[in-house]
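With the hints as constraints, model all of the structure from the sequences given.
Quick note: to get the working numbering, add 47 to the position in the sequence shown (first position is 1).
The list that follows gives simulated cross-link-like pairs (lysine-lysine, DSS-like), each with its CA atoms no further than 30 Å apart:
id: 1; residue 1: Lys192; residue 2: Lys179
id: 2; residue 1: Lys400; residue 2: Lys434
id: 3; residue 1: Lys157; residue 2: Lys179
id: 4; residue 1: Lys81; residue 2: Lys157
id: 5; residue 1: Lys181; residue 2: Lys192
id: 6; residue 1: Lys437; residue 2: Lys378
id: 7; residue 1: Lys378; residue 2: Lys434
id: 8; residue 1: Lys81; residue 2: Lys218
id: 9; residue 1: Lys400; residue 2: Lys157
id: 10; residue 1: Lys81; residue 2: Lys117
id: 11; residue 1: Lys181; residue 2: Lys157
No lab work stands behind these hints, which were simulated from the structure alone.
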Amino acid sequence: MRKDRLPVLFGAGPIGGLAEWQGVNGNARLTWNKEEQELKFQRSAAVESYTVVSDMIVIDEDKLRTTRAKAADAPFDLAPYEQLPEVPSRVSELAAAITAEAGSDYDAAKSLESYLRNTYPYTNTPDLSLQKSKDIADAFLFEIKEGYCDYYSTAFVVLARSLGLPTRWVKGYATGSNRIDEEGIRNGIGYVPDPNGAGTYTVRNADAHSWAEVYFEGVGWVPFEPTAGFSVPQPVAQAEPVATPDLPVDADGGAAEETESATPSGGWSAAAWTITGGSLLVVGAAALLVRRRDWTATAWRRVRYRGATPNQRIVREMERLIAFLGRRGLKRSQHDTLRESFTAWGGRFASLKPEFEGVLRKFESARYGGQAGGEGDVEQFNAMADKIRKSL
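Below, the structure is given as C-alpha coordinates:
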(Lines of atoms letter the chains of each structure in order from A and count residues from 1; the text may use other names and numbers.)
(Lines give C-alpha, C1' and ligand atoms only; values in the text may rest on other atoms or scores of the structure.)
Protein backbone atom coordinates (compact mmCIF):
# COMPACT_ATOMS: atom_id res chain seq x y z
CA MET A 1 0.00 0.00 0.00
CA ARG A 2 1.26 3.47 -0.81
CA LYS A 3 2.21 5.38 2.31
CA ASP A 4 0.34 8.49 1.16
CA ARG A 5 -2.94 6.67 0.46
CA LEU A 6 -5.33 5.01 2.88
CA PRO A 7 -8.59 3.17 2.36
CA VAL A 8 -11.61 4.86 3.90
CA LEU A 9 -13.07 2.83 6.75
CA PHE A 10 -16.85 2.94 7.15
CA GLY A 11 -18.14 2.11 10.59
CA ALA A 12 -20.73 -0.62 11.04
CA GLY A 13 -22.62 1.94 13.13
CA PRO A 14 -22.03 5.45 14.48
CA ILE A 15 -18.26 5.78 14.88
CA GLY A 16 -17.30 6.40 18.50
CA GLY A 17 -13.69 7.28 17.86
CA LEU A 18 -10.24 6.02 16.92
CA ALA A 19 -8.88 3.02 18.77
CA GLU A 20 -5.32 3.06 17.44
CA TRP A 21 -3.24 4.18 14.53
CA GLN A 22 0.28 3.56 13.37
CA GLY A 23 2.51 5.99 11.57
CA VAL A 24 5.90 5.74 9.93
CA ASN A 25 8.58 6.03 12.64
CA GLY A 26 5.77 6.45 15.15
CA ASN A 27 4.72 9.80 13.71
CA ALA A 28 1.06 10.24 12.86
CA ARG A 29 -1.42 12.99 13.64
CA LEU A 30 -5.09 12.19 13.31
CA THR A 31 -8.11 13.97 14.74
CA TRP A 32 -11.67 12.74 15.06
CA ASN A 33 -14.62 15.15 15.19
CA LYS A 34 -17.42 13.12 16.77
CA GLU A 35 -20.12 15.72 16.17
CA GLU A 36 -19.38 15.95 12.46
CA GLN A 37 -18.31 12.30 12.18
CA GLU A 38 -15.15 13.47 10.43
CA LEU A 39 -11.63 12.03 10.42
CA LYS A 40 -8.70 14.26 9.50
CA PHE A 41 -4.97 13.72 9.27
CA GLN A 42 -2.17 15.94 8.06
CA ARG A 43 -0.97 15.38 4.52
CA SER A 44 2.59 15.28 5.80
CA ALA A 45 1.77 12.53 8.29
CA ALA A 46 2.75 9.13 6.92
CA VAL A 47 0.00 6.94 8.36
CA GLU A 48 0.35 3.18 7.87
CA SER A 49 -2.88 2.02 9.50
CA TYR A 50 -5.75 3.11 11.69
CA THR A 51 -8.71 1.51 13.47
CA VAL A 52 -12.15 2.93 14.13
CA VAL A 53 -14.60 1.81 16.80
CA SER A 54 -18.33 1.74 16.05
CA ASP A 55 -21.19 1.94 18.52
CA MET A 56 -23.70 -0.73 17.56
CA ILE A 57 -27.22 -0.30 18.89
CA VAL A 58 -29.11 -3.46 19.78
CA ILE A 59 -32.73 -2.64 19.05
CA ASP A 60 -34.98 -3.02 22.09
CA GLU A 61 -38.39 -2.03 20.78
CA ASP A 62 -40.06 -2.21 24.20
CA LYS A 63 -37.54 0.29 25.58
CA LEU A 64 -37.79 2.55 22.54
CA ARG A 65 -41.57 2.71 22.89
CA THR A 66 -41.11 4.22 26.36
CA THR A 67 -38.40 6.63 25.18
CA ARG A 68 -38.88 10.04 23.62
CA ALA A 69 -37.22 11.13 20.41
CA LYS A 70 -35.75 14.20 22.07
CA ALA A 71 -32.38 15.83 22.43
CA ALA A 72 -32.28 16.50 26.17
CA ASP A 73 -29.30 14.21 26.81
CA ALA A 74 -27.54 14.62 23.46
CA PRO A 75 -23.77 15.22 23.76
CA PHE A 76 -24.04 17.74 20.92
CA ASP A 77 -26.51 20.23 19.50
CA LEU A 78 -29.39 18.50 17.74
CA ALA A 79 -31.11 21.69 16.62
CA PRO A 80 -29.86 21.30 13.01
CA TYR A 81 -31.60 17.91 12.88
CA GLU A 82 -34.93 19.41 13.89
CA GLN A 83 -34.91 22.23 11.35
CA LEU A 84 -37.23 22.06 8.38
CA PRO A 85 -37.52 24.48 5.47
CA GLU A 86 -40.93 25.59 4.36
CA VAL A 87 -42.69 22.66 2.73
CA PRO A 88 -46.18 22.31 1.25
CA SER A 89 -48.82 21.77 3.92
CA ARG A 90 -49.88 18.46 2.37
CA VAL A 91 -46.53 16.96 3.43
CA SER A 92 -47.03 17.64 7.14
CA GLU A 93 -50.68 16.65 6.82
CA LEU A 94 -49.62 13.31 5.35
CA ALA A 95 -47.16 12.75 8.21
CA ALA A 96 -49.89 13.44 10.75
CA ALA A 97 -52.29 11.06 9.00
CA ILE A 98 -49.74 8.24 8.76
CA THR A 99 -48.90 8.46 12.48
CA ALA A 100 -52.39 9.22 13.81
CA GLU A 101 -52.60 5.93 15.71
CA ALA A 102 -48.95 5.75 16.81
CA GLY A 103 -48.62 5.40 20.56
CA SER A 104 -45.00 6.55 20.81
CA ASP A 105 -42.31 8.41 18.91
CA TYR A 106 -40.78 5.08 17.92
CA ASP A 107 -44.10 3.81 16.59
CA ALA A 108 -44.50 7.06 14.67
CA ALA A 109 -41.10 6.59 13.01
CA LYS A 110 -41.88 2.94 12.22
CA SER A 111 -45.22 3.99 10.71
CA LEU A 112 -43.45 6.43 8.40
CA GLU A 113 -40.91 3.76 7.48
CA SER A 114 -43.61 1.19 6.71
CA TYR A 115 -45.71 3.63 4.70
CA LEU A 116 -42.84 4.61 2.43
CA ARG A 117 -41.63 1.03 1.96
CA ASN A 118 -45.06 -0.30 1.07
CA THR A 119 -46.50 2.60 -0.93
CA TYR A 120 -43.84 3.63 -3.43
CA PRO A 121 -42.15 1.23 -5.90
CA TYR A 122 -38.36 1.24 -6.16
CA THR A 123 -36.71 2.21 -9.44
CA ASN A 124 -33.38 3.69 -10.47
CA THR A 125 -35.10 5.60 -13.27
CA PRO A 126 -38.06 7.54 -11.83
CA ASP A 127 -40.23 9.44 -14.31
CA LEU A 128 -39.14 13.00 -13.53
CA SER A 129 -41.51 14.40 -16.14
CA LEU A 130 -44.23 13.96 -13.51
CA GLN A 131 -42.55 16.43 -11.14
CA LYS A 132 -44.30 19.77 -10.75
CA SER A 133 -43.34 20.74 -7.20
CA LYS A 134 -39.99 22.39 -6.51
CA ASP A 135 -39.70 20.47 -3.24
CA ILE A 136 -38.22 17.03 -3.91
CA ALA A 137 -39.92 15.34 -0.95
CA ASP A 138 -43.29 16.75 -1.93
CA ALA A 139 -42.75 15.74 -5.56
CA PHE A 140 -41.79 12.19 -4.60
CA LEU A 141 -44.74 11.72 -2.24
CA PHE A 142 -47.47 13.15 -4.46
CA GLU A 143 -46.27 13.35 -8.07
CA ILE A 144 -43.41 11.04 -9.06
CA LYS A 145 -44.42 8.31 -6.58
CA GLU A 146 -41.40 6.13 -7.35
CA GLY A 147 -37.65 6.41 -6.98
CA TYR A 148 -34.47 5.14 -5.38
CA CYS A 149 -32.99 5.41 -1.89
CA ASP A 150 -32.34 9.16 -1.91
CA TYR A 151 -36.01 9.84 -2.59
CA TYR A 152 -37.23 7.53 0.19
CA SER A 153 -34.73 8.71 2.81
CA THR A 154 -35.25 12.40 2.03
CA ALA A 155 -39.01 11.99 2.31
CA PHE A 156 -38.62 10.18 5.63
CA VAL A 157 -36.45 12.96 7.07
CA VAL A 158 -38.92 15.66 6.02
CA LEU A 159 -41.95 13.74 7.32
CA ALA A 160 -40.23 12.91 10.62
CA ARG A 161 -39.00 16.45 11.24
CA SER A 162 -42.48 17.78 10.53
CA LEU A 163 -43.53 15.72 13.57
CA GLY A 164 -40.77 17.20 15.71
CA LEU A 165 -38.51 14.12 15.62
CA PRO A 166 -34.77 14.93 15.49
CA THR A 167 -33.77 13.14 12.29
CA ARG A 168 -30.70 13.05 10.12
CA TRP A 169 -30.11 11.93 6.54
CA VAL A 170 -27.31 9.39 6.23
CA LYS A 171 -25.29 8.53 3.14
CA GLY A 172 -23.09 5.47 3.03
CA TYR A 173 -23.23 1.93 1.77
CA ALA A 174 -25.51 -1.05 2.11
CA THR A 175 -24.05 -4.25 3.56
CA GLY A 176 -22.65 -5.52 0.29
CA SER A 177 -22.00 -9.25 -0.04
CA ASN A 178 -20.31 -11.63 2.36
CA ARG A 179 -17.78 -13.70 0.40
CA ILE A 180 -18.24 -16.69 2.70
CA ASP A 181 -22.01 -16.48 2.36
CA GLU A 182 -21.78 -16.19 -1.42
CA GLU A 183 -19.46 -19.19 -1.76
CA GLY A 184 -21.42 -21.24 0.76
CA ILE A 185 -24.74 -20.64 -0.94
CA ARG A 186 -23.22 -21.26 -4.37
CA ASN A 187 -21.76 -24.60 -3.24
CA GLY A 188 -25.11 -25.76 -1.90
CA ILE A 189 -26.10 -28.18 0.82
CA GLY A 190 -24.10 -28.27 4.03
CA TYR A 191 -23.48 -24.55 4.34
CA VAL A 192 -24.38 -23.00 7.70
CA PRO A 193 -24.06 -19.17 7.87
CA ASP A 194 -22.51 -17.45 10.84
CA PRO A 195 -25.50 -16.37 12.99
CA ASN A 196 -23.73 -13.13 13.95
CA GLY A 197 -22.95 -12.12 10.38
CA ALA A 198 -19.19 -12.34 10.86
CA GLY A 199 -17.09 -12.45 7.73
CA THR A 200 -15.40 -10.40 5.03
CA TYR A 201 -17.76 -8.23 3.01
CA THR A 202 -17.28 -6.86 -0.48
CA VAL A 203 -18.84 -3.42 -0.87
CA ARG A 204 -19.10 -2.03 -4.39
CA ASN A 205 -20.03 1.38 -5.75
CA ALA A 206 -23.36 -0.18 -6.65
CA ASP A 207 -23.98 -0.64 -2.91
CA ALA A 208 -24.05 3.12 -2.29
CA HIS A 209 -27.14 3.82 -0.23
CA SER A 210 -28.90 6.38 1.95
CA TRP A 211 -31.21 6.00 4.92
CA ALA A 212 -32.39 7.98 7.95
CA GLU A 213 -31.72 7.98 11.69
CA VAL A 214 -33.80 9.34 14.56
CA TYR A 215 -32.28 10.37 17.89
CA PHE A 216 -33.85 8.78 20.98
CA GLU A 217 -33.15 9.97 24.49
CA GLY A 218 -30.88 7.59 26.37
CA VAL A 219 -30.30 5.47 23.28
CA GLY A 220 -28.76 7.61 20.55
CA TRP A 221 -29.21 7.48 16.80
CA VAL A 222 -31.52 4.67 15.69
CA PRO A 223 -31.53 3.81 11.95
CA PHE A 224 -34.69 3.43 9.88
CA GLU A 225 -34.90 1.96 6.39
CA PRO A 226 -37.71 3.53 4.34
CA THR A 227 -36.48 2.25 0.97
CA ALA A 228 -38.45 -0.64 -0.51
CA GLY A 229 -36.42 -3.83 -0.85
CA PHE A 230 -33.65 -2.82 1.58
CA SER A 231 -33.11 -3.50 5.27
CA VAL A 232 -30.94 -2.05 8.03
CA PRO A 233 -28.62 -4.61 9.64
CA GLN A 234 -29.04 -4.62 13.41
CA PRO A 235 -27.74 -7.17 15.94
CA VAL A 236 -30.45 -9.26 17.57
CA ALA A 237 -30.34 -12.23 19.89
CA GLN A 238 -30.64 -15.47 17.96
CA ALA A 239 -31.51 -18.82 19.46
CA GLU A 240 -28.93 -21.56 19.01
CA PRO A 241 -30.06 -23.99 16.30
CA VAL A 242 -30.76 -27.53 17.43
CA ALA A 243 -29.01 -30.18 15.36
CA THR A 244 -31.41 -32.43 13.50
CA PRO A 245 -30.65 -35.32 11.13
CA ASP A 246 -30.61 -34.45 7.44
CA LEU A 247 -33.48 -35.82 5.41
CA PRO A 248 -33.25 -37.03 1.79
CA VAL A 249 -33.66 -34.36 -0.86
CA ASP A 250 -35.39 -34.97 -4.17
CA ALA A 251 -34.13 -33.87 -7.57
CA ASP A 252 -36.14 -30.65 -7.43
CA GLY A 253 -34.42 -29.41 -4.30
CA GLY A 254 -37.44 -30.22 -2.13
CA ALA A 255 -37.73 -32.70 0.68
CA ALA A 256 -38.33 -36.28 -0.44
CA GLU A 257 -41.88 -37.53 0.03
CA GLU A 258 -43.07 -40.84 1.38
CA THR A 259 -44.16 -43.29 -1.32
CA GLU A 260 -47.91 -43.82 -1.37
CA SER A 261 -49.22 -47.40 -1.58
CA ALA A 262 -52.18 -48.38 -3.77
CA THR A 263 -52.83 -51.60 -1.84
CA PRO A 264 -55.80 -51.89 0.55
CA SER A 265 -53.47 -51.92 3.56
CA GLY A 266 -54.97 -48.72 4.91
CA GLY A 267 -54.94 -44.99 4.16
CA TRP A 268 -57.19 -42.67 2.23
CA SER A 269 -56.04 -43.64 -1.32
CA ALA A 270 -56.93 -47.33 -0.96
CA ALA A 271 -60.32 -46.45 0.50
CA ALA A 272 -61.01 -44.06 -2.36
CA TRP A 273 -60.28 -46.71 -4.94
CA THR A 274 -62.35 -49.48 -3.29
CA ILE A 275 -65.43 -47.36 -2.57
CA THR A 276 -66.24 -46.30 -6.14
CA GLY A 277 -63.54 -47.05 -8.67
CA GLY A 278 -65.10 -44.38 -10.92
CA SER A 279 -63.08 -42.40 -13.42
CA LEU A 280 -63.99 -39.12 -11.75
CA LEU A 281 -62.46 -40.37 -8.53
CA VAL A 282 -59.21 -41.05 -10.33
CA VAL A 283 -58.94 -37.29 -10.89
CA GLY A 284 -59.91 -36.68 -7.29
CA ALA A 285 -57.30 -39.11 -6.02
CA ALA A 286 -54.64 -37.43 -8.16
CA ALA A 287 -55.59 -34.05 -6.71
CA LEU A 288 -55.38 -35.45 -3.20
CA LEU A 289 -51.96 -36.90 -3.99
CA VAL A 290 -50.76 -33.44 -5.04
CA ARG A 291 -52.12 -31.92 -1.84
CA ARG A 292 -50.56 -34.74 0.14
CA ARG A 293 -47.24 -34.03 -1.58
CA ASP A 294 -47.44 -30.35 -0.67
CA TRP A 295 -48.43 -31.18 2.91
CA THR A 296 -45.61 -33.71 3.26
CA ALA A 297 -43.02 -31.24 1.97
CA THR A 298 -44.21 -28.68 4.52
CA ALA A 299 -44.04 -31.27 7.29
CA TRP A 300 -40.50 -32.27 6.27
CA ARG A 301 -39.43 -28.64 6.39
CA ARG A 302 -40.70 -28.32 9.92
CA VAL A 303 -38.86 -31.45 11.05
CA ARG A 304 -35.70 -30.60 9.14
CA TYR A 305 -35.35 -27.18 10.73
CA ARG A 306 -36.70 -27.96 14.16
CA GLY A 307 -34.99 -25.60 16.63
CA ALA A 308 -33.82 -23.17 13.94
CA THR A 309 -35.06 -19.59 13.91
CA PRO A 310 -37.28 -18.38 11.05
CA ASN A 311 -34.37 -16.34 9.69
CA GLN A 312 -32.06 -19.36 9.67
CA ARG A 313 -34.69 -21.44 7.91
CA ILE A 314 -35.11 -18.81 5.19
CA VAL A 315 -31.34 -18.69 4.62
CA ARG A 316 -31.18 -22.49 4.31
CA GLU A 317 -34.21 -22.60 2.01
CA MET A 318 -32.56 -19.98 -0.22
CA GLU A 319 -29.49 -22.21 -0.38
CA ARG A 320 -31.63 -25.11 -1.56
CA LEU A 321 -33.52 -22.94 -4.05
CA ILE A 322 -30.25 -21.79 -5.63
CA ALA A 323 -29.09 -25.40 -5.87
CA PHE A 324 -32.33 -26.25 -7.67
CA LEU A 325 -31.99 -23.28 -10.04
CA GLY A 326 -28.46 -24.40 -10.87
CA ARG A 327 -29.78 -27.81 -11.87
CA ARG A 328 -32.30 -26.05 -14.11
CA GLY A 329 -29.50 -24.26 -15.94
CA LEU A 330 -29.63 -20.92 -14.11
CA LYS A 331 -25.96 -20.70 -13.25
CA ARG A 332 -24.45 -17.81 -11.32
CA SER A 333 -21.24 -16.08 -12.30
CA GLN A 334 -18.52 -16.29 -9.69
CA HIS A 335 -18.53 -12.51 -9.35
CA ASP A 336 -22.30 -11.92 -9.38
CA THR A 337 -24.06 -10.99 -6.16
CA LEU A 338 -27.36 -12.66 -5.30
CA ARG A 339 -29.16 -9.42 -6.11
CA GLU A 340 -27.58 -9.27 -9.56
CA SER A 341 -28.41 -12.91 -10.29
CA PHE A 342 -32.01 -12.78 -9.12
CA THR A 343 -32.62 -9.49 -10.92
CA ALA A 344 -31.33 -11.05 -14.15
CA TRP A 345 -33.49 -14.15 -13.69
CA GLY A 346 -36.53 -12.02 -12.96
CA GLY A 347 -35.95 -10.21 -16.24
CA ARG A 348 -35.54 -13.49 -18.09
CA PHE A 349 -38.72 -15.02 -16.66
CA ALA A 350 -41.09 -12.05 -16.55
CA SER A 351 -44.01 -14.04 -15.14
CA LEU A 352 -41.85 -15.03 -12.15
CA LYS A 353 -40.29 -11.60 -11.57
CA PRO A 354 -42.41 -10.91 -8.42
CA GLU A 355 -41.34 -14.26 -6.96
CA PHE A 356 -37.64 -13.78 -7.75
CA GLU A 357 -37.75 -10.31 -6.20
CA GLY A 358 -39.79 -11.56 -3.26
CA VAL A 359 -37.50 -14.43 -2.21
CA LEU A 360 -34.50 -12.12 -2.56
CA ARG A 361 -36.09 -9.53 -0.25
CA LYS A 362 -36.97 -12.19 2.31
CA PHE A 363 -33.45 -13.61 2.18
CA GLU A 364 -31.73 -10.23 2.51
CA SER A 365 -33.98 -9.31 5.41
CA ALA A 366 -33.34 -12.64 7.13
CA ARG A 367 -29.59 -12.66 6.51
CA TYR A 368 -28.66 -9.02 6.89
CA GLY A 369 -31.69 -7.19 8.26
CA GLY A 370 -31.04 -7.92 11.93
CA GLN A 371 -34.74 -8.18 12.77
CA ALA A 372 -36.22 -11.43 14.02
CA GLY A 373 -38.46 -12.95 11.35
CA GLY A 374 -41.66 -14.87 11.97
CA GLU A 375 -43.42 -17.97 10.73
CA GLY A 376 -45.33 -15.84 8.24
CA ASP A 377 -42.06 -14.79 6.61
CA VAL A 378 -41.00 -18.43 6.23
CA GLU A 379 -44.37 -19.39 4.75
CA GLN A 380 -44.27 -16.50 2.27
CA PHE A 381 -40.73 -17.40 1.22
CA ASN A 382 -41.62 -21.06 0.73
CA ALA A 383 -44.76 -20.19 -1.26
CA MET A 384 -42.75 -18.04 -3.67
CA ALA A 385 -39.92 -20.58 -3.90
CA ASP A 386 -42.39 -23.39 -4.59
CA LYS A 387 -43.98 -21.38 -7.40
CA ILE A 388 -40.55 -20.87 -8.97
CA ARG A 389 -39.81 -24.59 -8.74
CA LYS A 390 -43.13 -25.63 -10.24
CA SER A 391 -42.83 -23.11 -13.08
CA LEU A 392 -39.31 -24.15 -14.08
